[in-house]
Structures are given as C-alpha cells and as structure tokens.
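Q: Next come the chains, spelled out residue by residue.
Number of protein chains: 2
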Amino acid sequence: MKQYLSIEPWRIVERRYFPEYNEVSESIFSIGNGKMGQRANFEESFSGKTLRGNYLAGIYYPDKTRVGWWKNGYPEYFAKVLNSVNWISVNILINGQALDLHTMSILSYERVLDMRQGLLERKFTVKFPQGEIIEVEAIRFYSMVYDEIGALSYKVKAINFSGKIEVACILDFNVRNQDSNYDEIFWTPIGEGVKQDIALVSAKTKKTDFHVSCAVKNSCTFGCSSQWKIEPQKVSQIIQQEISEGETLTIQKISCTTSSFYYPKDELEERAIAGLNDACELGFEELLKQQKKYWEDRWKENDIIIENDVSAQQAIRFNIFQLNQTYTGVDARLNIGPKGFTGEKYGGSTYWDTEAYCIPYYLSTAPPNVARNLLIYRYNHLEKAIENAQKLGFNRGAALYPMVTMNGEECHNEWEITFEEIHRNGAIAYAIFDYVNYTGDDQYLIDYGLEVLIGIARFWAQRFNFSRAKGQYVMLGVTGPNEYENNVNNNWYTSYIAKWCMEYTVKVLHHVKDKDYDKYKLLLKELDFDALAEVERWKTIAGNIFFPEDKERGIFLQQENYLDKEIRAASEVPENERPISQNWSWDRILRSCFIKQADVLQGLYFFEHHFDKETIRRNFDFYEPLTVHESSLSPCIHSILATRLDYHDKAYELFMRTARLDLEDFNNDTNEGCHITSMAGTWMAFVKGFGGVKVREGRLEINPFLPKKWERYSFSFGFRNHLLKVTVKADEISIQKKFKGSLTILFKGQVTTLFEGINTFYSVTKAAIR
Amino acid sequence: MKQYLSIEPWRIVERRYFPEYNEVSESIFSIGNGKMGQRANFEESFSGKTLRGNYLAGIYYPDKTRVGWWKNGYPEYFAKVLNSVNWISVNILINGQALDLHTMSILSYERVLDMRQGLLERKFTVKFPQGEIIEVEAIRFYSMVYDEIGALSYKVKAINFSGKIEVACILDFNVRNQDSNYDEIFWTPIGEGVKQDIALVSAKTKKTDFHVSCAVKNSCTFGCSSQWKIEPQKVSQIIQQEISEGETLTIQKISCTTSSFYYPKDELEERAIAGLNDACELGFEELLKQQKKYWEDRWKENDIIIENDVSAQQAIRFNIFQLNQTYTGVDARLNIGPKGFTGEKYGGSTYWDTEAYCIPYYLSTAPPNVARNLLIYRYNHLEKAIENAQKLGFNRGAALYPMVTMNGEECHNEWEITFEEIHRNGAIAYAIFDYVNYTGDDQYLIDYGLEVLIGIARFWAQRFNFSRAKGQYVMLGVTGPNEYENNVNNNWYTSYIAKWCMEYTVKVLHHVKDKDYDKYKLLLKELDFDALAEVERWKTIAGNIFFPEDKERGIFLQQENYLDKEIRAASEVPENERPISQNWSWDRILRSCFIKQADVLQGLYFFEHHFDKETIRRNFDFYEPLTVHESSLSPCIHSILATRLDYHDKAYELFMRTARLDLEDFNNDTNEGCHITSMAGTWMAFVKGFGGVKVREGRLEINPFLPKKWERYSFSFGFRNHLLKVTVKADEISIQKKFKGSLTILFKGQVTTLFEGINTFYSVTKAAIR
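Each protein sequence line maps, in turn, to chains C and G. So in this note's numbering, spot 574 of the first sequence is number 574, and the numbers just go up one at a time. So in this note's numbering, spot 566 of the second sequence is number 566, and the numbers just go up one at a time.
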C-alpha cells in the first residue's frame, strides 16, 4: 500500500516528485478518450523510471507466445495492444543543458489529474545545475469531443535568468512494447516528414498490417523561429530563442491520429492532416473549453456524491472517470482491456471482466446499445469460439469463447488458463441474461442471443463427463476464477454456471420458439440442432451434476477435496509476505488454502436468488477470511455480498479496497497500469451494494444502506426509460425520477410506485436505514 | 511407426536415401564416445532436412526460459548441452558443381551403423546433372580409446569421367542450437587459423564461459595441392585436383577437441594440437584398428545374444551400443541426458531417468564406481537441492532435487513439472538403496548416502500435509511420472515412494549410528538434525498416509478421483490419432484416462516385494490397457511386470517396443534424438524381465524364461565380485561364473550355489522353463 497522493474530492494530486512511484503515477494519471489513451509520462526528457505508453484502441499485434514446450491447442500468439506513436515529447534545453526532473533540484512539483474537467496538469519549478530556475506548467488532454485529437499546452517561465532556451517538439514513432515476448519491434516504418508546418509520421504493424498516421502542429507564443529535423520515424521541430527573466514561452501541440481501423489505408495521412487542421482552427483554448463542457455534462449524469468521506468520494470518481476514458460503447469491434490504455499488461485484450463486471456498469450508466455492442462483440466471435473448441477436441458446434482475445481467437499463453479457465463461457451467457433482464430487450435473444447460448450449452454438455464412480456428472480439470488453484476437479462455480447455462438455454429456446417460430426453425436448421435429443441431454446432465460441499459446515466447496488443504486465515500471512503472488513461490500458492478471489462467492452473487441468506452467510463467513483479494475483481463482489448480509463494516472496508485499489496500489502492480475493469466492480459495489439496486425478473429493487462514516450519498442510474437519482441520508431516502410515467419497484422489500419527480421515504431512526 | 531400416544382427542399415526420414536416421546412426557425440550428418553439403549436431559432454548454456508469465520460483533458465564445433564437413565439387544428395540422382546408397566395430559408414553412387557419376565411401568414428579424437575417411571415385574435383575440408564453429529459446547464439568467437597444416578454431560460451578448441588435420591420398581459406570461426582447406576415370581421391580428417571442462583455458589450443599430433602419428588405420579392438572387448563382456529373432538381436545390441557411446562413468561431473549426444531435445540435462533406469544398467555392466559416480553427482548437488526447496518455501534443510539439471540447479520451464513432478526426489533415494543393495557397499551410506536421504526425507515430511477432512496425511498438487496428468492430489506412486523414503532414511540412520557413531553424531550436528523429533514426525506421517484405492477392483488409484474419468481402453484410440501427444490437444489429453506411463506400475516394479502377485496382477490388468506408452520409459517397466505375471506375449511385445523404439520411431520423435536413457530400460527389460535377475536383501535371484519365438539367449552381468553369463535354452539353463569362489543365489526360487565355471540346470520339458 502506498499513500502518497493527496486526497481531494475532484482531483488526484501528487505534491512531490516520487521517483520510486513514478510508474505508478504514470498509470494513475493516465488520460484517454475511448479511442486513444496515454500514460501520464513527462513531456520533457527524463532519466528516471518510466514506461512510455500511448495506445490506440483496436490496433494490436499477435506476439508469438512464450511457452516452455508448445503442445497441441496452445495459442500461437498473445495479442497485444501496441504501444504507439508518441506525440507529446517536448525537450527543453536551458543554456544548452537539458531539463531532467530526475537529476535536477526540484523546488516545487505538482501533478494533477483533474477529473471534473478531464485534464492532466503538471506544474513544477526546477533549478538547473548552473543555477537557472524555470517554472513549467503543462496541461494535456485527449479530447472526448474530437476523438482523434490530443492537445498539450507547455509553458516555460524563466524565473531568475535571461538566456538561451531551446525547445524540441518531437513526434516519434520509434516505439516498442516493453512486454514484447522476443524483443521484437512490432512496427514497420512507412514514412515521416513535414507538410506545411505539420509534422507527420506513419507506420504499420507487422503481420496485422494496421496502418497509423499521426499529424502534429506545434505552435509557440512569441513566433519563434524554428528548424525541422527529420530522422527515421521521428520529426522534431527545434525552436531556439532568447528568454528573459520573468518571460514565459508557451508551446502548444495538437495531434491528430488516424488508423486503418477507421479509414482506408491510403487516406490516413490526409485524414490526419484534415482532422488536425480542423482542430487547430478551433484552437487549444476552444478544445479545452469543449473538453470541460463534455465532462461537466458527463458528471451530471454519472456522478456519485458521498458526503463526509473525501477519500471515498475521490476514489469513486476516479473509478468512474477512468471507465469513461476507456470505453464509450460506440464501436462493437472494441472492448475493454483490464488495464484500458494505462499500461501493457494483459495486452489490452478482452477478458470475462467485460461480461461480469463492465456490462452492469454500462447497462446502468449508458444507453442500452452500449452494453448491446459488448454482447454483439461476442456474437461476432461465435464462429471463432466454435473453432477454438474444435481445436481442443470438441465438436458439433460447441463454442468455447477465449479467455483472452482481440479478434475472437484465444491468445493467452498458459494452458491452465486457456484450456481450463472455461468459466468465461458462463459469464458470456450470463451477460446475455443480464442484458435482457435489465433492458427487457428480448428481441435480442431471437436475433443473436440464442445462437450464442446454444454454442455455449453444447460445450458444457461435452465438457461434463459421467463418473461411474460417483453416478453423477463431473467436470474435471478446471481453473475457476480463483486462479490460485489450477486444474482442479468440480470447481463449484464453474459447474454451477455451466448447469445454469444449459437450463437458461432451454428456457430461451422455448421463448424463441413461442415468439418467432420461423426464426426458431431456421436457427435449428442452421445449427443442425436436434431440439429433442440435445435438450434432453442437457436436462439429464443439469439434473445430475456433482457439486462438492461440506455438509457439516453447510457450505459449497470451491472444488472437490478443497478441505484437504491446511485451512488458515489469510490474516495470518504477515504483511511483508503480501501480496503472496509477489512473495511466495507459485508452488506454495497453489497448495495453500488462500484464495485470489472466492469463486463460490462469485456464484452466490450471480445467482443470489437461488440461495437463502443463511447459505450465503455461511459461505461468506467461511471464504472471506481465506481470501487475499489479489485479484482486482475480488473485493467488489465480497463487498456486495457483505451488504446483503448486513456486514456493514466489512462492506465498507472492501469497497474502499476496490475503490482505492490503484490510488493506494494495494497489489503492488499499478505501475503496470490501472485495473480498469475492476473499476466497474467498484461502481457495482456502490450501486448494487450500498444502493441495494438489483433487477429481478425485470423488476427493479432498491434497498440502500448508509455506511456509518457517511452523512449522505447520492447516485444516478438509468433503468429502461427511467433515470433515477437516489439520495440516501440517515433518516431519509429520496428517489428522483426523471421523465414521465410511473415505475413500480421493490423498495426495501415493499412494492412501491415511483412517480416523476422526487419520491421521498422517511425513517424514524438512522438504524432503520443503517 | 517406420520400418525402413534393414534388420541385421550387428548393423543398422539404411539401403536407400529416405529424405523424409533423414533426421530420424541422423539420430539413429549417431556416434559418440562418452565425451563427445555427433548426429549422423552427411559430410558433404546437403539441402535436405537435417539437424547438424555435435555435442560435448558438460558444455552447456543457461538459455533463458520461455514462460508465459513468470512467477516466483520459476527457474530462470533451461540448461542446454550446446551444439558445438563441426569438424566433419567435406564439400565436394565436380567440374564446379557441388555434390548434394538431396537434389541429385542417387544410383545406390547405404548408410550403416556398424555396432560391432563402432563405426558409421556410408557408401553411395550419385549422378551429377551433367552426367558425371561418383562413388563415395565414408567411414567415421569417435575414438573410444582416445576420447578427444574423431576420425573420418572420405573416398571419392570418378566412375565415368575425368575432370576437376574440388574438395573443401571445413572446420566450422558458426553453430547455433536449433532449440535456442530466443534465437540467441550461445557461442562467442575466440579465434581461428592454421598452424603448420592444422586447422584450428576456438570459441567460448556466453555466460558459462566454457572454452572449446578444435584442431583438425586433413590429408589427401595423392598429395594434393591445397589452399587455406579463413573466415570468421571457419577454416577451410581447399583441394583442387584433376581426377581421372576410375581414380579414387581419399580424404582423411582427424580432429581433436579440447574444452575447459578438462584443461585450463589458456592451454586448450596447445592441448588440441598435441592430442591431434599424437593421433596423426598413429594414423587413421591404427586408430581404426584400436577402435575395433575396443568394441570387440566391450562386446565380449556386454553382448546379449538372441537366437532366432534377428529383429530383437539387432535391437538389443543397438540399445547397448548407444548406451556405451553415451556414458562411460569416468567422471562424476557428467551424467546421462535423455537424448545423449543424439539431439537437442531435453537439453542434454539430467533427469530421474538416470536413477530409475540407468543406474541398474551400470550396476550390472560396469565396475561399481560407475554407478557410484552417478550417485556422487547428486551428492555434490545436495546444497543446490536444499536451495531449490527453499525457493519454493520449504525449510530446515529439506532438499528437492531438480527435475532437470546440469549443475544442480533446476532448469525446466514448466511449473507443473518443476514444482510438482517431485517423485524424482524418491528415485534419487531409491538409487542409493539400489546401489547399496546391489554392491553391498554400505560404507557409502555413512560417507554420502545418509546426508542425501535426510534432505529428501525432510522434504517429504513438509510436502505432506494433514487433512482434517480425511484424518490422514495427503500430498496435494503433484505430477506423477504419468505426465498426462498435472497437479493431481495423492498420486499413489509419489506418496508411496515418499513414505518409503522416510522409512528407509530412519533405517539408514540406525545403521549409520550402529556402524560409525562418531560420524553419526557429527552429521546430526552439521545438519542440525533432531533425531528424536524429526524421526518421530517421519514415522507419524509415514504411518498415516492417504493412499487412493479402489477396493472393489482391488487396485491402487493413480491419483485420487482417477475413476471419475471416462475409462476406455487405449486400443480404442485410432491409429491415426497416435501418438496422442501429437494429435490431441493438451486439454483433451489431460482429461482423458490415457496414461503416458503407468506410475502405479512403476511403484509396483520398484517395490515388488511389498505386494503379492495378485495385487500386482490386478493393477497391471487395469492399467496396462489404459497406457499409451508415449513415454519412452514406459514399455520396459510394463514388460518386466508382465514377465513376473507370466504374461509372456505381452512381455515380448513390450520388450520389442522399448528395444525398437527408435529403430521404428514408435513415438514419431526420433528425429529429435534417440531415447538414450530408455535404452537402459530395454536392457532392464531383458535382464530383469526375461532373465529374471533381481537382488533382494543382498542376495541375487535369477529366474529366466524364454520367449516363445527364441531358440536361445544369453547375457552377462556382474554381481559383486562375480561375473556371470546366463544362457537360456528351452530345456537347459547354464550359468557360467568367472572368477574364484562360490555364490549362493536363488535360482528359480531355490537356494542354489554357483561355482566357478559352468553351472547347468536341465528341464525335462520346455514348458518348465517357458
């Protein structure tokens, strides 16, 4: 844990330069706009620890996997979102000496992520070895309004001297991924040059042949004279100037980046130039104004307000802010990488995180087509999922979605994950259910959903096998969401969601048959689906699955024989051995009882209404103490269940852990990037947990509670055609409903009708709400 | 399976050039002398499929491991015996056209491995595109007498033309390993040149800094004029000559290779030159004569003769021949790589193969110090084994020997092997038992054995944990010798050998205490060993271990819950899906019931006398049909057990499978090298299986049977100070005992005393022996 950042409601602030945490800050202060993103690297030359990172959505490279001995079925490559063109660099020389924060004497320093306005700001004063002091002020953003545009203002003020200043404004495409498996450079140069004061550089990816062009215009306050320097894949505009004491030199850089993901390859340069010219015509100040306006509007809909707890307030906004920077939902080809655009780990690829964590967020905070696009993404990959299953030896249209993917193909590099962490297939089916349940859009099932569900159900039916020894169906060789176990038998969560998938598919099948018989018949034919035999088989299996449990404790077992382990509380692991993933051998972790994320609890969260509260309690009481929460996806789910069980302190503790995961670097890995997808989990922990929001059989339920520490909180969300703002105080809950019409919900267990405007509910004592 | 080689009792013969099998033949026809080895590459330039391979014992490189995501405890490198200097190349040009068997018209062709004399021979006639026909005859060997010397005679005869011949005699150190993980070149040049008609080249390994020099002298029958050509790391002597029809040009190359494994670095060149000059003084013919003599003597002691079955005869000799080429036992720093010097797979490193398969061979066929050296090798690595265990989280002197090693450090690259395939620790203890039992050298226990055993027993005591659920000790997360299962619980074999290790260590502890109390006290002190508490704990654990079994079938279970799998006979797997390792996904293999090598049977083989015959039979009957024998180490053990159970046909079938494994390329992988260590298994299958030889509590037992097909067989072996030759015919068994004195054995279950000379036993009917 690191607590070096200042706590403010709207801003993340670093008040000193922490060389040892610089890469962590680079992740936390990242900016993006859904199409592009960037780590909060310094503009000027810098000799300290840094991971330069600029990423473009959808532009990836199939990096050859690194495995000990390749075996059949292993993925050939690990797809990686590429570190891409760097347009921000501004190298400063004062009297011939280059500015470098890492080696110079820093008199003042502040790096700020302004979440209200969507800006990265930096202000510092530094003393050069020869005594010159300069003050620098930089503001940078990726425009949310013009999604190919990045803008930077960089001001240098001479504090105590007059002398020479040289500024090199650099556009550089000599970029490599830090995580390249074989130190390969993934880009091939196309060209570089200057066109009418616009710096231009273009490159393409090897193998995938994505083309990217970036155009940058630099401007300088007092009409500086400049020279261009053109090197391979690098264009620099060098400004040399006399600067007088007290004077400020302002550099502005505006960039426009285009890619063949959106345009024909031969138009990229001209598109970049045109986009850049449009942006320059608006100018930096206007772009900035529109950026502020965009975020102002966004926060109106999206903000969560917490009174009396600045730390929580800052954290929840940070999570919402980063999510909105990462994915806007306009393009069904895109998805949400676990690190968004804030680092290279996990390759920017798609994981089950999207279905299990992000979709609920977007369902509640964006128009339905955003979540729908995320579903369509998987629909479009169905064929690849069927191929993937075939490679492993499955047949008859069984679909196994990849654990990690960029284009539908599996591209992780560990067999224990790709072959065995198959629960993702369940989450993909669950997301369909979730979407339809939330939106009521059951046409989706007819048009897309059923086809995916059949592929998934077919997989599960083949993946179970009948154990003569048990007289039941078993699922062998599985890795559950708790990745601190590999290749276990009868992982409760996986078997449970698999059973549910088969049952849900049968239900949907009937639904589609009733609703659109023609489509139903067509689909059966297309899929060579034997409705009678296959459904019968699914029912037979679903009805006779072995689920490991401990009758004495009244709990489900994470996997068969889990209780053969030495059971100890995670609290017994000394602080200096945490996270165990960084301090223990993998061998020791695998054999220990400790849980990365408790998948039994994940199942109880998904299927809460299948179980009574005492069952959930017994399982929570058993598993929570064993969980080290070293998956970023863990604490949010535990927090939600804790609210259900009225474990309010626990719920708050775990909420803060998920909300401040990156801000305090709980797992000592934020240097690799922020845990973007888990931020949706933070939001869930708030709205589903504290807010007690859920939708069951199409009906909204709200059942909020107020953590002790808080005076008041409010959050907004959309449900069908309603927009609700819930405000919770100790003795009063109000639900403001926008738009006409009424909405019947279950409020604190009571059927209640909400009307347009403010609906207020009182409670005589705090305790009644608490 | 490939049956393209001719079957002869003393020779392996390839009568045609099979381009598709060339790499297989290169493995099979490999030559070596324990210190060096070489694949049977062609001397001349060649454009077909080939893996050029020259290997030097002990010269390795720590190649950075290739793993998906590195985790704590993963080995940093995979040690690899290096592909080294190539001294054999002879490029032939006829009228300016280079000889290339792959593209030219081959009129006749024969490649021969002459096992009786230790020679690789090749003879072919080839027609050049312009019509010139030449006949080539090559003989090559690594001298068993002078172990730094290699020799080649290469004759070219002009059959139908007179014209120009150019011969380039090349010495080349521009060599890379095909299996380099990151395409790295492991050698750094030192130099190259010519000294008084001797070509010289030297290089050193990166990181490990092994230095190697090779000196070669080329000679030519009719005093050819020649030119030297020196390129980086390559020295060529180019002979240009007119050749007349019917004339033969003979080239001889003699090489001497020295390494810093044996000499100071600064002496390598002069040592190589001196060694070469000595060899050249003897001359090719004399070297050849001594080579023949060496092998003649070797076969006198080592031969196994089978009458009436040339295929078996050829195969058993091939196995013995290759073993003797690989390891001579003179150097305790060396060991036996699974592929010997015949390929790069498995890196030439040491596996448990040595203890479980090779030691019995060398115990019976070489002086005791050879097997002892192999034990000392592990003794010398004890400290590293303790470090290795510490890395994984074990403590108090627990030792985990590596699964793969070159210098005592673990260097495999898959966690499921390095962390989990821990049964190797058991084999290392077993080898100590085996050695002492066979040789009677119990001083070894005092001097070395006990220390190793304590480290191993300590490991097992920590590796078991007490399961409250079962009320017994369990061993979780194990990979048994059957590597087609990973990370299973309670692998019967591993748990059994672990239990035995603890018990045996206690026994040896008492023994040492009785025999040498001072040493005992000293050891206890050095090892900080609490004799009372630790022994008590070992006994407690060993007495209460959970062993999975199926009571109904009366069998031990390979692992807990093995019977949850769908049990089918391996015979149901279609031929075109074999080997499954090359045709099925790893996922499918892991979840199938099929067994790479049946480890329960391995346990019953090791501990035969702990079980009654019917128990062994029930387990054999259950497991053998499930076994696909895709480990080369599998069929030999099954064959031995089959003889014990009087399954004579099965025993023969499996013997032939192990004996001809490479000759017929059963597992479609001989191209990567021969399965050298499993050749010791072949020998065991013969002597321990057919010969019925075992030693129990120091007493030799012999109980031979004669496979149906055979008329007679004989084999020799040493036991303590006796040398025995056993000859088995249908109605008569004779045991010739060399050296003075008598030996009391158990012959066919009867206590029998053998005297010097021939001891003959008759049987009235064949059946009595059969």
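If you are wondering where the hints come from, they were derived from the structure by calculation, not from laboratory data. Please note that the accuracy of each hint is not assured.
Identical chains blur together in the list; that is why a pair holds if it fits in one copy or across any two.
[As the list claims (entries may be wrong)] Here are the simulated DSS-like pairs of lysine-lysine, each with C-alpha atoms no more than 30 Å apart in a straight line:
(1) K391 to K49
(2) K345 to K71
(3) K738 to K217
(4) K345 to K64
(5) K204 to K265
Q: Each hint needs a verdict: does it hold in this structure or not?
A: Taking the hints in turn, this is what the structure says about them:
Taking identical chains as interchangeable, the C-alpha atoms of K391 and K49 lie at most 30 Å apart only when they sit on different chains, with a minimum of 28 Å there against 42 Å within one chain. Proximity of K345 to K71 under the C-alpha cut-off of 30 Å is found in both arrangements, the shortest distances being 24 Å within a copy and 14 Å between copies. In this assembly of identical chains, the alpha carbons of K738 and K217 never lie at most 30 Å apart, being 44 Å within a copy and 96 Å across copies at closest. With identical chains, the CA atoms of K345 and K64 are at most 30 Å apart both within one copy (16 Å) and between copies (21 Å).
For the identical chains of this complex, K204 and K265 are intra-copy neighbours only, at 10 Å inside a copy versus 49 Å across copies, given an alpha-carbon limit of 30 Å.
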